[in-house]
Structures are given as structure tokens and as C-alpha cells.
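**Student:** Using the sequences provided together with the hints, build the complete structure.
There are 2 protein chains.
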Amino acid sequence: MKLVKNAAGRLVPTVVNGVKQVPYKGVAKYKPKGNKYGSPIRSCADYPDDGNKVVKNIREALIKAGLKDGMTISTHHHLRNGDVVTNLLFDTIKSMGIKNIRWFPSASFPVHSHLIKYLEDGTIHHIEGSMNGPLGRFTSLGKMKGTGVLRSHGGRYQAVQDGEVHIDIAVIAAPTADPFGNATGDRGPAACGLLGFALADSQYADRVIVATDNLVPFPCTPWQIQGNNVDYVVEVPTLGDPSKIVSGTTQVTKSPDRLLIAEYIARFLDESGIMKDGFSFQAGAGGTNLAFAVYLKELMKKKGIKARFIRGGSTKYLVEMLEEGLTDYILDGQTFDLEGVRSMRENPNHINTSPFTSYNYHGKGNFASMLDAVVLGATEVDINFNANVVSHSDGYLLHGIGGWQNCLFGKTTILAIPSFRDRIPVIVDEVTTLVGPGELIDVIVTERGIAINPKRKDLLKAVRNSSLPIRPIEEIYEEINQICGGKPAKPKVNKKKVVAIIKWVDGTVIDSVYQVEE
Amino acid sequence: MKLVKNAAGRLVPTVVNGVKQVPYKGVAKYKPKGNKYGSPIRSCADYPDDGNKVVKNIREALIKAGLKDGMTISTHHHLRNGDVVTNLLFDTIKSMGIKNIRWFPSASFPVHSHLIKYLEDGTIHHIEGSMNGPLGRFTSLGKMKGTGVLRSHGGRYQAVQDGEVHIDIAVIAAPTADPFGNATGDRGPAACGLLGFALADSQYADRVIVATDNLVPFPCTPWQIQGNNVDYVVEVPTLGDPSKIVSGTTQVTKSPDRLLIAEYIARFLDESGIMKDGFSFQAGAGGTNLAFAVYLKELMKKKGIKARFIRGGSTKYLVEMLEEGLTDYILDGQTFDLEGVRSMRENPNHINTSPFTSYNYHGKGNFASMLDAVVLGATEVDINFNANVVSHSDGYLLHGIGGWQNCLFGKTTILAIPSFRDRIPVIVDEVTTLVGPGELIDVIVTERGIAINPKRKDLLKAVRNSSLPIRPIEEIYEEINQICGGKPAKPKVNKKKVVAIIKWVDGTVIDSVYQVEE
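Residue numbers (our numbering), protein chains in the order written: chain H, 1 to 518; chain C, 519 to 1036.
Any given hint could turn out to be false.
Stated by the list, open to error - Sample of chain C residues with no beta-carbon within 12 angstroms of chain H, all distances over it, derived:
1) Val629
2) Gln676
3) Leu817
4) Gly895
5) Leu978
6) Gly1003
7) Gln1033
Stated by the list, open to error - DSBU-like cross-link-like pairs, simulated, lysine-lysine; straight-line CA separation at most 30 angstroms:
8) Lys523/C / Lys1014/C
9) Lys821/C / Lys64/H
10) Lys538/C / Lys33/H
11) Lys574/C / Lys411/H
12) Lys99/H / Lys117/H
13) Lys99/H / Lys574/C
14) Lys25/H / Lys582/C
Keep in mind that the hints were calculated from the coordinates and are not lab data.
Since this is a predicted model, take the numbers as computed values, not measurements.
The beta-carbon is built from N, C-alpha and C at its ideal position, and this holds for glycine as well.
**Tutor:** Right under this line is the structure:
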């Protein structure tokens, strides 16, 4: 495997799984050429006039779809850790004796550790998508036959749209669907809210299979997935465990340190002038993020300020803000709790978005860059604000990128991080894996202080008289090293063995993940 | 121009406007090859981070879009006869000195007779789209530089999707839009309901310009047109005359003959057993169609029957049925009156559809074939049930195809026609222009009787004891000829000069329209 140094100074392979790669060239430096992929032209003559595309089971659908060795099969992750469809799918593929599948999920969860045996026996050749928890550990140890490829949600859409990843068969688990293939996630026993992560798959895959446990008469509305893109519909007994698909409730952190971080961020938005009428922000579903939303809500109410839109990951906290008139809209990329699902189903101002609208960098703009403020996490940040979100300081690949890279394009990007975890510093001199360039990261908020990227002179000026603990990042870095007894140990990795690559939002390779030596 | 005989026995050119054509091969006989067109890949690096794509005016947008001689410019017809944007657009193109534009509207209206001067002076080379009224007469007289190409709404989507028609610049008039280009037709001073006819244009054109007279802050919802497909946004003083865009009210026919036809159709659906719980039908906005809907509604109420869905062109009559619980859904392709617009905006069960969902024959099925009954018109029908909808017996091309060809795929297709117009028989021995093959047309309903296609033995059997005047088509044909004093005179046309071609839903050429000799 030949490695070259990219524009970030990181070594990356030039060919991965037999596909030529473009090394990262810098933010907004790589310009795509050519045209989007077009899926095969079909004819209504080959589809039933009555619109009934139901076939007996997944096996029959896969046979009709022409499943063969070496194909690419995609799935989405809206069922999260409750997903049983993906495991059933690969049990079926295994039973058919098919080998060397490239699995292309929009993300994977611990429930998919069921698939490790198929990675071991050659049913699955490799995964392109997040490799969380057990699958990440498996990959880190060099046990996967091919090389993992990690993309952001937007990068996944981009790769499919641009024809970098050709999906042979997409399998879309749908909480409600009709026999024509129209499908929605906002209702049904396994309701998950929306199905945006399957949008690219439905548009660009050669064959599309919808699996549902709630088949309704045509038309299923809203048609988040359009039946006109669907080849076969399959009824399955259940999509999965509803309690693991969406939480009954999402919980605000109880950690005093994290509550402090959340409060700092809310106050920072206020004192910097970002929080003003018509502003917008994005916050996810982690405990710190939820706490931030709660603090911000109180500040907004106190000052009589209304947002134009909030981007979720929606939760009951964002839904409350919508229902109390603190925002005109929620533009939602995934629903994390039952209140989010209900609101999306009932409230026309709770809008269903997709990686196409929100994140695709090879589009005519996207929503992410319009956000006034975005609050994200990270596993590591270096003193130049470069950040890591996929691996830990011990070198293990344990998280996906999600929408994280895409969100960095927001007007003010804030990383909410504890200054150390398990006595290992989170602010480091060099990140284990580079996932986000420091030039796009504006503010680091820890329980020990707030560091503003020196590039953001406007922000530094805006908060110069603030009572908030604004500090140089180097100062926080030194303090943490003293508390933790020094920098983290360098990971024990084999720098000759790349187990996964990290794509940037434009499809170039920003960094490599190496095999961990146990 | 070389002409060959196609599978319907019609002479059609093999090359039109320099593009090779496939002669019609029969219903469901032509199978497309290859992949859909993919528009150029763009990068967010070339679009404003803040999402503001507003430019000064249409001229500036056209310059930025790279307008050149010979390009293809598309427009939609949701503004109908109130449209001022298309005329403003071509005034601008003319003022820029650009020549030989292929105009690719989804339909044209009498208001567009303004463009005849641009057809004469070479600004516009030819029209691909319906050529209603004055433009049709101009074309029929052989005055257009190129050859007209008429497609159904579904055929237009198919042609763009398949790359047969490459749109350089799409100009989308939008009753409401935001600076990012998200647009909707369901609100604003020029509200027209929906914008489905511009969907293909927004997805596949190289450059997309949205023109609006109601710019709102991001996000404009619902985003019927997605800003992620839009390059530039332009504010214009007005999109047009609202009273000509949608009617205040739509009017049921007062003609006793047409009321009789409408009543016959409603009774036919009842007596044939088509009208039953969960059934579906489509009816347009013509006076006869509206009367049919009124009769059918009364029958449904009387018998306690509820439809699953109705397809519109929506009007207050369909909206009443939705609101009175006589149907679960309206699946709407265009709104014809203000009640239709209101209902679409307010009622989540009044659903916005597009030629992609409803009509595209090169898709994985479409909605049209699922309809239990479809009521359409025609200018001529022959005794083999072949029908014409674009020209009159005098040879003049005066109407577009609209969704007519696509709707023929419904389970039972009914043509509602007066038996003669201006003492010219409508049932003929041979149609002037073949637009729909008789094998897809099931029932002809005139004021003198109902003719059922002999292929539909099931229907003949179902109504064998009916009191309705079921008659062989030949018998009605003979009776009309006697009343009118014989068959219509053959049109005086030059069979060597094709002024327009008629495409079938699969992109093949089903017939030619010839130059009329005055």
C-alpha cells in the first residue's frame, strides 16, 4: 500500500480496495469534474400495473435483484441499536452462499456485532461506513479483509451521487410502507422519525428493496422514500426493538463538569451576539448538548429572542422550543426520542431533511453552512484546533463521523469537550486521527475554560469584556497535562498497515487509521 | 426528411432537429437501455456559504448561467394563461442578442403568442412542448424554423431523465421562494398550488434559476423545488395575473348533452362495479369532468362508498369530496382553482405529486396505472378506439398532450366526448393524428350512447343488463355521419412537410403532424 503525504501533512494511501484515491487538498481546494451518476433506466413495462411490488421475503427479493458475489449492499441506520433487518439481511445472504459483499451502511451500531462472523467467514469483504464499538475494534485489530472507508453523512451522499460508490442493492427498512414502495419513518410500530439517510440509496442504487413491518394500502404518505425508486417490497415480522430505535425520553447530563460546559456555551452564544432574533443553531442529542439547549432556551426566553430554525437530531427539548414559539422551524436530520417522532408527524414546521439538503458538499450549497452556531463533540483536539472524532488516543477506531465534518461549515463551530477523560487529556499536541481541519473549528469549550481560534478575531473582540473564562488553548493544554501527569502515550500502531481511511466531505482522503498492536 | 412507417402504420421521420428518432414499436414494446442522465457535479465551494443566491435580475442570472446561442431553455406552465415570466424571459434573451434557443416548456398558453415574434426573428428556433392555440396555428402553417416535438407530461420527464433532452438553463417561476432557492407554489400572491412540472428541470438542468415575487427568509417550506438544485434566485415584480393562474371558481358545464355524458359516466362506474369502497379515479377540470365528479359524488354518498384516492387537477369539487370524507386522499398534479390551492396548503391528505411519481414511463412503475378509472377527452376517436387529442379534423395542431397519454394506462380509460362538434363528427374512420393507441382505451361515452372496446369482455359482461345505452362504436359512428351529412373532409395538408412529431410515453415517435395548406 503506497502512502503519500496530503495537504494536511497526513500519510494516506493512493489506492484503497482497488480504487484510486485523491489525497486531501485543503478546505474548498478540490473541485469535482464530470457528471453525477445516473442509475439504469427502467420501464414501467417491467413493473406490475397495479403497483403491487410485494414479494415473499428478503431472499426472494435478493434473488430477483440479481444478488451476486462481490456486490455492494447498502442499509441505513435510522433503526439505530434496535435494528434487526440488517442482521436478518446478512443471515439471508450467508444462507445463499454469497461472498465478498461490500457493506455500505450509513452507520453501524453495537447490535451489528452479529456481523463479525460474516466478516470472518468472507460473506462481507469490508465495511464502508462508520464502525462503531465492536466492529471498530475488529477493524482496528486488522481483522477485516478489505480496508474500511469512513465518510460523513454528507460525504456518503456525495460518494453515491458522484458514482464513487455504486450500490448494487439497497435494503431500506421502513416503519410504514405501501405495496408500491412509498415509505415513511414517522409512524408504525418501529417509527424512527425520518428516513433521510436512505435517500441517496433509493435514488442511485440499481435495485431497491423496502422491508417493512407495517404495510398499508397505497398511498403511504408522507412518501419520505418514493415508491417510484423501489423495485421490491418485503414484509418482515418486525424491524426491531422500538425502545432501542428511539428513546422514550432523552436525558440531560447530570455531570457537574458537563453542565458547566453547556452553560458556558449558552452564555457564549449570548455574550458574543450570536444569539439574536432570527438566528439558527444545531445541537445533537448527547447529554451535554441537551443541557446546552436547556440553558439556551432559558436565555432566549429571558431576552425574548426567537430563532428562525434549529437543526436537530430532534429531542423533546427542541420540540418544546418549537411548540413554545422559540423557533419557527426544526429542520431535522434524525429523531432521537418519541417526542421528536410525534412532532415530525404532526407539526408541519418540524421538517424532515436529508444528507442531500443538509450536508452534500457536491451540491449547489447546503444547509450546514447557513447555521449561525453548531455545537459538536470530539475525542481529541490539538492546539491548532484540528480535531478527531473517530478514534481514541489508544489508536482504536470506535466512532463514526456522522454529520460532524459537514457541520464544521457552520458560521461558528463550537466543540464541547471535557478537558480529559479517564485522566487522558483531550487537548493534545497532535490528534491520533485528523477528521476536521482546525481552520473550520472556532471555539473549544471545556470545563476549565473557553479557547477561541485566533483566526476568529471578531469573536475574540465580541467577548473581550465577558466574565466567561476565555483562555488561550495552549494554557488549557498545559494545565490539563499537569493534572493528568503528561501527554497521552502514543498509540501502539503499525504505521505500515492502514485499516481504514477517513474521507473529507469532497471525497478526498484526509487521514488513515492504523492497525493497533495489542 | 425521411419518413418510415411505425408499428401503428403511421409515417414518422427518422431524424428530427438533427436528433435520431426511434419509431413507435407498440405499447410496452420498446425497452430503454443505458443509464439516466446525471447533471454536472457542483461544489459548495462555488456557492455562497450564507445560502444567499439572489442576483439582480433575470439578465444577470442568464449571464451567470452562461447563456449562449442554441441553448435549451425550459419553463413550466403552472402559471397557465397568467404567466408573465416566460415572456419577460424571452424579452431579455432577445435584448441580449441571443439566437436559436430551443424553448422547452411543460406547456404553452395563448399568453405566449407574445413569443411568435421571437420564433419569426430567430431568437427561438423551435418549441418542444405543447403548442396550444396561436402557437399551434403558427406551427401548423410551417412557419417555425425547427420541428415541434410534443410529449406527454410523463414523456417530458422521461426525455429529460433519459438525457434525450438536455436542458441548459431552467427558469422556474415560483410563487414563494427563499434566497437559497427553496420554492413552493402553494402560497404567495401568484399561488398556483404546486410546481411538479418543474421537477425534472430542477433535477437535471445544468443551471437552474428561480424567479419569484414573494421572497421569504430561509427556509421556504414546503420546498416543492429544492434549493439544493438551484443556482440563482431572482426577484421579479410579479409572476403574473392571479385570476388567469387559477380560477376563483371552476364551472360545471351547463350544456344538456355534456351533462348527459357526465351522468352516463358516473352511472357506468356504478353499474360496472368499478365504484366500490377503496376505489380510485382521475378527473380533470373540464366542464364535463366536473359534472361527472358531481354526479359521482351523489352516487357515492347514496351508496355509502369511499374512495381511497382521487387524482386531480384539483378543484373545489374534489376538495369537497376530501373534506366530506368521500376519499382518503387527493393526489394532485395541478390545482385549477383557489380551493384546490387552499386545500393543498392546509390539508396533509391533499398531496402534491409530479410527473415523476404519476406519469414517468421509464420509472419503476407510476401512479397512473393504479387508477381504477380515468375520464379524459379527445378531439377525435376512430372506430378502433384510437384517439387524437392534439389536432382537429382540419389538420391544425391546437392542443398539447398533457397527461393524457400517461393516463391511458389506468385500469379503465373512459373518453368523454360529444359525438360531433360544429357539425363535424368526432368519431371517425381514421384519426388525423394518432396520440393514443386504441388498445389502451376502454370506453367511449357520448350523448348518443356508450361504446365499450370489444377487448374489454369483462366490462361488456358487467353492464350487460344495464339500462345505459351501451352500443357498438360502429353504430354510433354511422348515426353521427348521417346527422352531420357524412365524414369530415380530409384535412388539406402537405404530407411531405412534417411540422411536429408526437412522442409516445417511451420516447418513440407515434405520429407526425403535417403542414396545413391554407
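**Student:** For each hint, tell me whether it holds in the structure or not.
**Tutor:** These are the hints, each one checked on the structure:
no.	hint	in the structure
1	Val629	holds (30 angstroms)
2	Gln676	violated (9 angstroms)
3	Leu817	holds (22 angstroms)
4	Gly895	holds (23 angstroms)
5	Leu978	holds (21 angstroms)
6	Gly1003	holds (42 angstroms)
7	Gln1033	holds (34 angstroms)
8	Lys523/C / Lys1014/C	holds (14 angstroms)
9	Lys821/C / Lys64/H	violated (43 angstroms)
10	Lys538/C / Lys33/H	holds (28 angstroms)
11	Lys574/C / Lys411/H	holds (25 angstroms)
12	Lys99/H / Lys117/H	holds (13 angstroms)
13	Lys99/H / Lys574/C	violated (57 angstroms)
14	Lys25/H / Lys582/C	holds (27 angstroms)
Violated hints, in rising order: 2, 9, 13; the structure is consistent with all others.
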